[in-house]
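Novice: When you get a sec, could you build the whole thing from the sequences and use the hints?
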Amino acid sequence: MAAEQTDEDLMRAYVAGDHAAFQQLFDRYAPIVFGMTRRHLRNEELAQEITQQTFFRLHSARNDFRLDSKLRPWLLTIAMNLVREHWRRGKRRKMVELDPETKAAPQAERSRMELDERSQLLHAALQQLPESQREVVELHWFQERPYKEVAEIVGSSEGAVRVRAHRAYGKLKKLLKAEVAD
Amino acid sequence: MAEPSRVSEDPEIPDELEELLGPRGTSARTAVRGSGERPTARALAAAGLSTEGREDPEPELAQGQPDFSALFADLRAQVEEAEARPSFRLKTQPTSVRRLISGSVFVGLLLASVAYLPREDLAAYPLPLLLTYLGSLGTLFVLTLFAALKPIHEPALSAAKVHGLTALAFAATCVLAVLPPFAHQGFEPVVPDALFHAVPCMIFGFVVALPVYAIVRLVDRGNPLGRILAAAAAGLAANMILEVHCPIAGAAHRGLGHAAILGVLVLGVVIVERIASRDRVLSLR
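So the sequence lines, in the order shown, correspond to chains A and B.
Position 179, counted from 1, in the first sequence is what the working numbering calls 179; the numbers after and before it change by one each time, with no gaps.
Going from the second sequence to the working numbering is simple: count from 1 and add 1000.
Errors might be hidden in some of the hints.
[Unchecked claim] Partial pick of chain A residues on the chain B-facing surface, computed with a CB cut under 8 Å:
#1 ASP18
#2 PHE34
#3 SER60
[As the list claims (entries may be wrong)] The calculated EDC-like cross-link candidates involving lysine to aspartate or glutamate, where the alpha carbons are at most 20 Å apart (straight line), are:
#4 A:LYS148 - A:GLU85
#5 A:LYS171 - B:ASP1010
#6 A:LYS70 - A:ASP9
#7 A:LYS177 - B:GLU1012
#8 B:LYS1161 - B:ASP1220
#9 A:LYS148 - B:ASP1010
#10 A:LYS173 - B:GLU1012
#11 A:LYS148 - B:GLU1154
#12 B:LYS1161 - A:GLU85
#13 A:LYS173 - B:ASP1010
#14 A:LYS174 - B:GLU1012
#15 A:LYS174 - B:ASP1010
#16 B:LYS1161 - A:GLU131
#17 A:LYS171 - B:ASP1220
#18 A:LYS70 - B:GLU1154
#19 A:LYS70 - A:GLU131
#20 A:LYS70 - A:ASP27
#21 A:LYS148 - B:GLU1012
[As the list claims (entries may be wrong)] Derived coverage of chain B by chain A (criterion: at least 3 residues anywhere in the stretch with Cβ under 8 Å from a Cβ of chain A; other residues may be distant):
#22 1072–1078
#23 1091–1105
Think of the hints as simulated: they come from the structure by calculation, not from any bench.
All residues carry an ideal CB built from backbone N, CA and C; glycine is no exception.
Specialist: Printed below as a string of C-alpha cells:
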C-alpha cells in the first residue's frame, strides 16, 4: 500500500492544481479546526462557518505556501486569526444548547448529563481565562503543539507563551479544584 | 514534527492539573468522562472535541459533529463562485506580488502627477527637502501597506498596533504639514483663507487616494482592520502626491487640505465599518 501523503505533499499538490488534495486536506483538518473553534466560541454554527472560512482563506493564500512551510501552523494561525477577529468584532454570541436531542435511554441519559456537566465545568473554567491564555491552552494542551509552534501561531516569543501557559495552567488548576471541591 | 513535551517534565504545568484536565491532547475526553466510562460522541461533541486522530473511532462519534461532506460541498461552491470573479485572482497572488501591485498604483499616480500635474515651483523645491518629505511618508506608506497586506497565515496584528501605526501616519502628515521647512515651500495664498484653498486640495487628495485604497482592498485577503490600514496608506499616498502637485504654502492650508485627508479617510472607514458590522456575520466574500 502506498505511504500516506504528508500534509505538505498534499498542499504542494493542491497548489499545483490538484483539487482532490484540497478535499483530503479538508477531511484531515476540518474536524480539528471545527473542534478548536467550537471550544473557543461555544457556538456550533459559528464554528462551522469559521471552519469553512479557514479553508476558504487557505485557498486564497495557497500561492504563499513555501516548500519549507508546515501546513498545520499555517492552518491553525488562519483559524486563530478568525477567532480573534470574531472576538474583536464583539460578536460573541450566547452559549447555545449543544445537544438539544435528549431521547436516549435513562441510563445513557444520566451518564450523558454527567458528562455534559463535567464538560460545562471545563468550559466554564476555560472561559474565565483571558483570550491570550486560552488560545495557548487550546494549542498546547488540546492540540498538543509544542511551545515553539504555539509561539509561531499566536505571534509571540516562546518565552512569552511559556509565561502565559504557566499562568493559564495555574489558574485552571485553581478553578477546577474549586469546582471539584464544591 | 517536534514531540510535545511530557506533562511531568513541563515546568509550566502544575502538578495535579492532568488529573483535573485529563491527559494532554485527550484531556477534554477524559474531563467529560464520568466514572471511568467511555465518553459518548455527544459528550465529546459537547466538549467541543475533535474526534480526529483517534485510534478507535466509534460509529457514534459522527453524532454531534457537523456534516463535513456538506460543509466541503458548500466550500467548493464558494470557491468556484469566488474564482469566477477576476478580482479574486488578484487576492490569490503571492503576497509579494500583491504588495507590488498596490505599490505600483501609488508610484504610477505619483509619476503621473509629476509629469502632468506638477506644482508650478517644483523645479525650485529643494531636492533634499522633497526627498526628506517623500522618504518619511514613503517609509510609513510601505510599513502601512505591508501591514495591510500581511499574509493571513501569519498572526494578525493586534488592534493596538494597527491603531498605533495609523496614529503615527496621521501624526507624521500633520507634523510635516506644519514644520516650517515644508510649510514655507511654495506660494503664499493670495486670499488668506486656508479653508477656501484647502477644499480643492482635499478633493484632489481624495481622488488620488481612492485608487490606492481600492487596489489595497482588492488584493487584501481579509486582514482584520485591513480597511483602516488601507485608508491610512491611501491618505499617506495622497499627501505625497499633493506635495508634488500643490504649490500653496502655509501650515493652515497644508494641515487642512493635505494632512486632514488621512484623518478623514480613516474616520470615514471606521464609521462605515461600524455601521456595516452591526449585523454582519463574518464573511470573507
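Novice: Would you mind marking each hint as holding or not holding in the structure?
Specialist: Against the structure, the hints come out as follows:
| no. | hint | in the structure |
| --- | --- | --- |
| 1 | ASP18 | violated, 14 Å |
| 2 | PHE34 | holds, 7 Å |
| 3 | SER60 | holds, 5 Å |
| 4 | A:LYS148 - A:GLU85 | violated, 23 Å |
| 5 | A:LYS171 - B:ASP1010 | holds, 16 Å |
| 6 | A:LYS70 - A:ASP9 | holds, 10 Å |
| 7 | A:LYS177 - B:GLU1012 | holds, 18 Å |
| 8 | B:LYS1161 - B:ASP1220 | holds, 18 Å |
| 9 | A:LYS148 - B:ASP1010 | holds, 13 Å |
| 10 | A:LYS173 - B:GLU1012 | holds, 12 Å |
| 11 | A:LYS148 - B:GLU1154 | holds, 14 Å |
| 12 | B:LYS1161 - A:GLU85 | holds, 14 Å |
| 13 | A:LYS173 - B:ASP1010 | holds, 15 Å |
| 14 | A:LYS174 - B:GLU1012 | holds, 14 Å |
| 15 | A:LYS174 - B:ASP1010 | holds, 18 Å |
| 16 | B:LYS1161 - A:GLU131 | holds, 17 Å |
| 17 | A:LYS171 - B:ASP1220 | violated, 39 Å |
| 18 | A:LYS70 - B:GLU1154 | holds, 12 Å |
| 19 | A:LYS70 - A:GLU131 | violated, 25 Å |
| 20 | A:LYS70 - A:ASP27 | holds, 17 Å |
| 21 | A:LYS148 - B:GLU1012 | holds, 14 Å |
| 22 | 1072–1078 | holds (count 4) |
| 23 | 1091–1105 | holds (count 5) |
Of the numbered hints given earlier, the model fails hints 1, 4, 17, 19; all others are met.
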